[in-house]
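S.K.: Okay, here's what each chain looks like letter by letter:
Protein chains: 2
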Amino acid sequence: MKSVLPQAVERLSSVLSSLPGIGPKTANRLTFYLLGRKDEELKEFGDAFSELKDKVVNCSTCHIIAESDPCPICSDSGRDTDKIAVVEESLDVLALEKARFSGRYHVLGGQISPINNVGPDDLTIDALLSRLSRGDTKEVILATDPSLEGEATALYIDEHISLKQKEGAIPASVTVTRLARGLPVGGDLEYADELTLSRALEGRRSYDGQK
Amino acid sequence: MKSVLPQAVERLSSVLSSLPGIGPKTANRLTFYLLGRKDEELKEFGDAFSELKDKVVNCSTCHIIAESDPCPICSDSGRDTDKIAVVEESLDVLALEKARFSGRYHVLGGQISPINNVGPDDLTIDALLSRLSRGDTKEVILATDPSLEGEATALYIDEHISLKQKEGAIPASVTVTRLARGLPVGGDLEYADELTLSRALEGRRSYDGQK
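Chains as they are written, first to last, in this note's numbering: chain Y, 62 to 272; chain V, 62 to 272.
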């Protein structure tokens with residue numbers, strides 16, 4: 062079918078529908094919404110896309126995306142410099158920052174996933190191990206996703222830290238922890254899946270300790 | 062909370078979350094997805110936004126958005142020039158084109174909606190009436206949404222066409238029709254709402270006629 066719409070409209074629509082989670086209908090709807098916006102706004106939108114990566118680098122220490130290297134978190138000495146939260150993506154850092162984590166981070170760049178052809182060497186695990194060998198870290202908090210791949214990634218990292226500790230490359234004083242699994246706050250016990258519930262049971266704590 | 066992300070990332074994220082139906086989490090997810098795309102692609106994306114309205118005009122006859130005035134549909138003499146489908150938005154034209162409607166269109170630019178402060182004068186109803194007074198139209202198909210506002214808009218237009226026909230301004234030979242209401246194809250009778258089902262009953266046709 063020959064399209065009846067202007068080429069510029071088709072073009073933006075196809076650009077938008079190439080984004081994950083946006084189908085052709087949503088893309089059309091968004092494009093028509095944008096047709097109603099002012100020219101300056103569209104220019105501003107366009108610049109936000111074009112200039113996205115102009116000033117963005119990866120921190121060479123924690124691998125988070127940032128404007129400077131080292132990133133603001135790695136260069137902030139007011140944080141708990143002896144704790145490292147190991148996360149999959151830079152976005153996970155945002156979530157932990159909102160939860161007021163005050164240590165540093167290590168962004169893996171993904172999760173071990175044979176199905177997607179991602180192995181340990183594709184992640185920044187070696188960089189993490191050499192960070193730990195420097196001896197200024199007391200605790201590594203494995204904060205990968207509570208999914209099959211996230212668990213596998215956490216397990217892999219834990220095993221390799223132990224191995225390096227046996228070899229003496231990483232101080233034996235470094236402890237490895239994992240984020241607690243349990244019922245989400247505000248959730249409904251009735252609707253919790255059995256795995257989450259059994260993890261919540263395993264991880265139960267003295268009532269005093271929860272306050 | 063001071064943001065830990067680069068300004069360019071925050072900027073695109075806030076631009077995306079200003080779009081309808083895209084919340085802050087989706088905007089973040091999209092931005093990080095875009096960080097993984099090539100520079101040229103981002104440039105291309107940006108241009109698609111900036112140049113959206115550069116070559117877009119409204120057809121002065123049917124008010125559809127187009128690259129030229131008259132639009133390709135109005136200037137195509139191979140179509141059924143005596144039928145006009147009255148729709149709310151240019152996007153509705155796309156839907157009717159897919160359904161192989163071969164007449165012309167009239168885009169109202171919205172629907173009568175007192176709650177949104179849109180009255181008949183905000184739409185292109187007067188332009189439609191003067192189009193009809195030219196005498197080259199045999200049928201007006203009211204193809205507004207099957208919603209409360211869409212029905213009200215259709216009713217208003219129908220009444221005003223009748224009025225102009227009594228005054229002699231529009232030929233009495235112009236017939237006004239409305240898209241059929243009924244069960245959507247592929248739908249499930251069990252799940253049809255009662256209003257749709259009662260309209261489907263009212264509009265029932267001889268079984269032969271359906272083939």
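Hint data in this document are derived by calculation from the structure and do not stem from the laboratory. Being a predicted model, the structure only gives us computed values, none of them experimental. Errors might be hidden in some of the hints.
Copies of one chain are not kept apart here, so a pair can be met inside one copy or by any two copies together.
Unchecked claim - Quick list of in silico lysine-lysine cross-link-like pairs, DSS-like style, CA-CA up to 25 angstroms:
1) LYS199 x LYS104
2) LYS159 x LYS144
3) LYS86 x LYS104
4) LYS199 x LYS86
5) LYS114 x LYS227
6) LYS114 x LYS86
7) LYS225 x LYS86
8) LYS199 x LYS144
9) LYS227 x LYS159
10) LYS144 x LYS225
11) LYS159 x LYS225
12) LYS159 x LYS99
13) LYS86 x LYS227
S.K.: If a hint holds in the structure, say so; if it doesn't, say that too.
M.R.: Verification of the hints:
For the homomeric pair LYS199 and LYS104, neither the shortest alpha-carbon distance inside one copy (49 angstroms) nor that between copies (44 angstroms) is at most 25 angstroms. In the homo-oligomer, the alpha carbons of LYS159 and LYS144 lie at most 25 angstroms apart inside one protomer (17 angstroms), although the nearest pairing across protomers, at 59 angstroms, exceeds that limit. When the C-alpha separation of LYS86 and LYS104 is checked against a cutoff of 25 angstroms, the pair qualifies both within a copy, at 24 angstroms, and between copies, at 24 angstroms. Neither within a single protomer nor between protomers do LYS199 and LYS86 lie at most 25 angstroms apart by alpha-carbon distance, with minima of 51 angstroms and 32 angstroms respectively.
Taking the closest pair of Cα atoms, LYS114 and LYS227 never come within 25 angstroms of each other, the shortest separation being 42 angstroms inside a single copy and 65 angstroms across copies. For a Cα distance limit of 25 angstroms, the shortest separation of LYS114 from LYS86 across copies, 20 angstroms, qualifies, whereas the shortest one inside one copy, 28 angstroms, does not. Taking CA atoms no more than 25 angstroms apart as the test, LYS225 paired with LYS86 passes in neither setting, with 53 angstroms inside one copy and 38 angstroms between copies. Taking identical chains as interchangeable, the C-alpha atoms of LYS199 and LYS144 lie at most 25 angstroms apart only when both belong to the same chain, with a minimum of 6 angstroms there against 78 angstroms between chains.
Within a single copy, LYS227 and LYS159 get their C-alpha atoms no closer than 36 angstroms, and across copies no closer than 68 angstroms, so neither meets the 25 angstroms cut-off. Only within a single protomer do LYS144 and LYS225 lie at most 25 angstroms apart by alpha-carbon distance; the minimum there is 18 angstroms, versus 79 angstroms between protomers. Taking identical chains as interchangeable, the C-alpha atoms of LYS159 and LYS225 are never at most 25 angstroms apart, the minima being 32 angstroms within one chain and 63 angstroms between chains. For the identical chains of this complex, LYS159 and LYS99 are neighbours neither inside a copy (34 angstroms) nor across copies (30 angstroms), given an alpha-carbon limit of 25 angstroms.
Taking the closest pair of Cα atoms, LYS86 and LYS227 never come within 25 angstroms of each other, the shortest separation being 57 angstroms inside a single copy and 42 angstroms across copies.
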